[in-house]
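Chains as they are written, first to last, in this note's numbering: chain U, 1 to 281; chain W, 282 to 593; chain F, 594 to 926.
Do not take every clue at face value.
[Unchecked claim] Using 35 Å as the maximum straight-line C-alpha spacing, the simulated DSBU-like pairs for lysine-lysine come out as follows:
1) U/K136 with U/K232
2) F/K703 with F/K680
3) F/K762 with F/K680
4) W/K412 with U/K136
5) U/K146 with W/K562
6) U/K75 with W/K562
Hints were generated in silico from the structure; no laboratory data involved.
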Amino acid sequence: MVLAVASEGRAGRTKRLGRPGHLTKVSGLGLGVSLIWFSLLVLIPLAAVVTTAAEGGWDAFWHTITNEQTFAAIKLTVSQAFLVTGVNIVMGTLIAWVLVRDSFFGKRVVEVLIDLPFALPTIVAGLVLLSLYGPKSPLGIDIANKPSAVTVAFLFVTLPFVVRTVQPVLEELEGDVEEAAASLGASRFTTFRRIILPSLIPAIAAGAALSFARAVSEYGSLVLLSGNLPFKTEVTSVRVLSSVENNNTEAAAAVATVLLVISLAVIVILDIVQRRMSRRG
Amino acid sequence: MDEETYEDDAQRDLDREHGPEGVRLAGVLYEPAEPGERAPRRRRKKKTRATYLFRFIALAYLFFLVAWPVSLVVKNTFANGLSDLTDLLSDPDAIKALKLTIVVAIIAVIVNTIFGVGMALLLVRYQFPGKRLLSALIDVPLSVSPIVVGLALVLVYGGRDGWFGVWLEDHGFQVIFATPGIVLATIFVALPLVIRELVPVLEEIGIEQELAARSLGANAVQTFRRITLPGIKWALIYGVVLSLARSLGEFGAVKVVSGNVLGQTRTATLMVEEKYLNFDKGGAYATSFLLVLVAVSCIVVVSLIRPKEKRK
Amino acid sequence: MSIEIAGVGKRFGDFVALEDVNVSIPTGQLTALLGPSGGGKSTLLRIIAGLEEADSGRIEIEGVDATHVAPQKRNVGFVFQHYAAFKHLSVYRNVAFGLEIRRRPKPEIKTRVTELLELVHLEQFADRLPSQLSGGQRQRMALARALAVDPGVLLLDEPFGALDAQVRKELRDWLRRLHDEVPVTTVFVTHDQEEALEVADEIVVINAGRVEQVGSPDQLYDTPANDFVMRFLGPVTQLGPDLVRPHDLELHATDPGDGLPGTISRITRVGFELRVEVASADQVVLVTLTRTEFAALGVEQGSPVYLRLAHGAPTVPVQTPVAALDEPDPVPA
Numbered sequence: 001m002v003l004a005v006a007s008e009g010r011a012g013r014t015k016r017l018g019r020p021g022h023l024t025k026v027s028g029l030g031l032g033v034s035l036i037w038f039s040l041l042v043l044i045p046l047a048a049v050v051t052t053a054a055e056g057g058w059d060a061f062w063h064t065i066t067n068e069q070t071f072a073a074i075k076l077t078v079s080q081a082f083l084v085t086g087v088n089i090v091m092g093t094l095i096a097w098v099l100v101r102d103s104f105f106g107k108r109v110v111e112v113l114i115d116l117p118f119a120l121p122t123i124v125a126g127l128v129l130l131s132l133y134g135p136k137s138p139l140g141i142d143i144a145n146k147p148s149a150v151t152v153a154f155l156f157v158t159l160p161f162v163v164r165t166v167q168p169v170l171e172e173l174e175g176d177v178e179e180a181a182a183s184l185g186a187s188r189f190t191t192f193r194r195i196i197l198p199s200l201i202p203a204i205a206a207g208a209a210l211s212f213a214r215a216v217s218e219y220g221s222l223v224l225l226s227g228n229l230p231f232k233t234e235v236t237s238v239r240v241l242s243s244v245e246n247n248n249t250e251a252a253a254a255v256a257t258v259l260l261v262i263s264l265a266v267i268v269i270l271d272i273v274q275r276r277m278s279r280r281g
Numbered sequence: 282m283d284e285e286t287y288e289d290d291a292q293r294d295l296d297r298e299h300g301p302e303g304v305r306l307a308g309v310l311y312e313p314a315e316p317g318e319r320a321p322r323r324r325r326k327k328k329t330r331a332t333y334l335f336r337f338i339a340l341a342y343l344f345f346l347v348a349w350p351v352s353l354v355v356k357n358t359f360a361n362g363l364s365d366l367t368d369l370l371s372d373p374d375a376i377k378a379l380k381l382t383i384v385v386a387i388i389a390v391i392v393n394t395i396f397g398v399g400m401a402l403l404l405v406r407y408q409f410p411g412k413r414l415l416s417a418l419i420d421v422p423l424s425v426s427p428i429v430v431g432l433a434l435v436l437v438y439g440g441r442d443g444w445f446g447v448w449l450e451d452h453g454f455q456v457i458f459a460t461p462g463i464v465l466a467t468i469f470v471a472l473p474l475v476i477r478e479l480v481p482v483l484e485e486i487g488i489e490q491e492l493a494a495r496s497l498g499a500n501a502v503q504t505f506r507r508i509t510l511p512g513i514k515w516a517l518i519y520g521v522v523l524s525l526a527r528s529l530g531e532f533g534a535v536k537v538v539s540g541n542v543l544g545q546t547r548t549a550t551l552m553v554e555e556k557y558l559n560f561d562k563g564g565a566y567a568t569s570f571l572l573v574l575v576a577v578s579c580i581v582v583v584s585l586i587r588p589k590e591k592r593k
Numbered sequence: 594m595s596i597e598i599a600g601v602g603k604r605f606g607d608f609v610a611l612e613d614v615n616v617s618i619p620t621g622q623l624t625a626l627l628g629p630s631g632g633g634k635s636t637l638l639r640i641i642a643g644l645e646e647a648d649s650g651r652i653e654i655e656g657v658d659a660t661h662v663a664p665q666k667r668n669v670g671f672v673f674q675h676y677a678a679f680k681h682l683s684v685y686r687n688v689a690f691g692l693e694i695r696r697r698p699k700p701e702i703k704t705r706v707t708e709l710l711e712l713v714h715l716e717q718f719a720d721r722l723p724s725q726l727s728g729g730q731r732q733r734m735a736l737a738r739a740l741a742v743d744p745g746v747l748l749l750d751e752p753f754g755a756l757d758a759q760v761r762k763e764l765r766d767w768l769r770r771l772h773d774e775v776p777v778t779t780v781f782v783t784h785d786q787e788e789a790l791e792v793a794d795e796i797v798v799i800n801a802g803r804v805e806q807v808g809s810p811d812q813l814y815d816t817p818a819n820d821f822v823m824r825f826l827g828p829v830t831q832l833g834p835d836l837v838r839p840h841d842l843e844l845h846a847t848d849p850g851d852g853l854p855g856t857i858s859r860i861t862r863v864g865f866e867l868r869v870e871v872a873s874a875d876q877v878v879l880v881t882l883t884r885t886e887f888a889a890l891g892v893e894q895g896s897p898v899y900l901r902l903a904h905g906a907p908t909v910p911v912q913t914p915v916a917a918l919d920e921p922d923p924v925p926a
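All chains, full assembly: derive it from the sequences and hints.
Structure (structure tokens):
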């Protein structure tokens, strides 16, 4: 999958000779062009969000954030994201374990199922979940327009993240380290707790960060499933959208900035985790 | 009661090229006394009750969260036979939406591939100040909410009071509420995907072969075409397929920048929402089915490529 | 603590790794399991440790049937070829691991770990991570770690295989001296005959899943049981229907009476040693002798000479025909 955290660590170890060289004229030009493109597409627009949010001054910003409905949305989004990330840490590690250590017929299908939430359009994800957990559910479970709809939608879209960061690390674990622990008297559980888990923690942290950021940003899957009911099932991105639709760009930018700050925090964490992982060697 | 399976990690042992001292182990150490005497070292994995328990929990979780819901969408699409699908495909507005989605996605993939390859090469082969910052910033589009993406683009390229948008629109170039805006939004969200696949592979290949080619007189383009490109082939395809899936499926960002003008800026994903909210459930399911089909195809292709990519 | 291996067999699918292996290892001895790669010696070692289970037969460790006992309970120390260091733990914590999980009191752990680190000369690296050590240092740490829990048996699986030739020689020496100091029953696996001959008290030669011979280094070298053992332990050449050691052949300029006539076909000088190929009957026989010895003969390429096997030299009937320059597989340098 996409997540380069583990694989960068791996590449660091197996890196062959070849230090990066200094920029030549051609590559310098290429870099310049790329930077202009990247700025026009990503950096400047994101800067515009932050600037617009700051335009009204700190008071206006704070006022927007603490608006009752908005604040409720932020609270809901963050708390649900935390909850879901917690579940993902456990389930993601477990699923990765099963993928790496177990072998059974149909494992290929499992791999496809795990990647599906990443490739599926979010609006379709909403429809998909609605089929099983909405009014016409064959299971009789109807969580449409309830807070648990937010939980289920988040769980769906964040499914691949922890699994895909943990899986390569598990695959690389050398079997003789576990045998060494066994020969020294450690039970299977002790070996997992003291030897395997510590090696996994950076990967789990990376996956958790990505999972959290994804959940907090989610929009599409909630449209049909949660009904976007204020104070009940309305998430932060919905608030941003309603501000946009009301042409209240300052308010939209303010709330958007909150989301950006969270994303920024995630990236910082990821960078720190990456550095720790390559140091371990 | 305990099952036993065998796993061949002889290949792993052989692949262990570099010991900590940098000593080449594979060829030297594991050479048999006589050829053909090579014995695969197989490690037995005992299946305990815990194994079955974990397997059950994992499979049940995936079944109730992904497998069953997705299969229900397929089922509901064909609840009225093929009529939902045929109705959809004979609606000219729907066809326009599908076409738009495909065109936008292809443009986005091409742009991101070119940018991705260039950026990956720059990041891996060259040193310059701010490299790490740039590398971290490239990951940003993956963590940003699609609504925020849309808002950001509107603020800059919006016709009314966008930073550049006003000037652009005055010169006849409308971005927001028109196709170019959708293209930009789609490029934005899928931007890191190709780069993130290429960077590790480029690092692992190393620069030696390229240096050798240069020393033999090849220029940059020749080196790239004949030496680098074949090396990153599978990773590149992998990245392209991923960004294709992502580009076809973008919803939130496109919703903000498109204004959802029927027949003009409505994409397939927007169509799903619209049809469902207008009680055309059949149409919504049919469109979703097509999108699911595409997503699954992309993943299947990717999962077939992954072993090839890994072996590199 | 002695180890009894009785009738042990092991297959992996169709492949027979071990067949009817019977070995008895006395307490306190340093034993080598020697043989070519894929021959089954590592498998046997892992079966002793409990990391593999035999399909048939019995393993007894100090009179106690350990055949089905989990590795955790066998009180056996194991050292791996690639060190199996706990990467996230310091050298100190690595060595202390076995004691920590047995919940020994902290002061006791400290004493024992310090003692062991001094034994392996790693005291100043106690707080480093394994990734900051060289290969040789990591292996010494692995040894200290295995010894920390006072195992009754110490098993080493090609312990120096991953190291530079120079480091390998040093550690080989060091292992021998360590064993003299701490006489734990030790079994180590190697495919390097020089290593086995230099270090071990007793060698078990294993080939294709079977025990070819058991004996002291001298016994194995001077009285090899068969073709395979003779080839594996030193250079061989074929004289008539037998295998002999090239340095056991005497070269004479004149017929000593019972000499085999031949002609010198090739002379190769390697340092102080000369390798002389003699064409005799329908064979090419290799003779090695010193420069001085050769000079005294006054012969050269093409000269007629006589070959005679030294009195009492070991011979073994040939099982597979040998070329003149057949030597055991070169030690990986």
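Worksheet item: Are the Cα positions of U/K75 and W/K562 separated by 35 Å at most?
Response: Answer holds: U/K75 to W/K562 is near 33 Å, not above 35 Å.
Worksheet item: Are U/K136 and U/K232 close enough, with their CA atoms no more than 35 Å apart?
Response: Given pair U/K136, U/K232 holds - Cα atoms ~22 Å apart, limit 35 Å.
Worksheet item: Within a Cα-Cα threshold of 35 Å, do F/K703 and F/K680 meet the stated pairing?
Response: With a Cα-Cα distance of about 20 Å, the restraint between F/K703 and F/K680 holds, given a limit of 35 Å.
Discussion item. Hint check: F/K762 vs F/K680, CA-CA at most 35 Å. Holds or violated?
Written reply: holds, 26 Å
Fill in: Hint consistency between U/K146 and W/K562 [alpha-carbon to alpha-carbon, up to 35 Å]
holds, 21 Å
Discussion item. Can you confirm whether the C-alpha distance between W/K412 and U/K136 stays at or below 35 Å?
Written reply: violated, 52 Å
The earlier numbered hint that this structure contradicts is number 4, and it is the only one.
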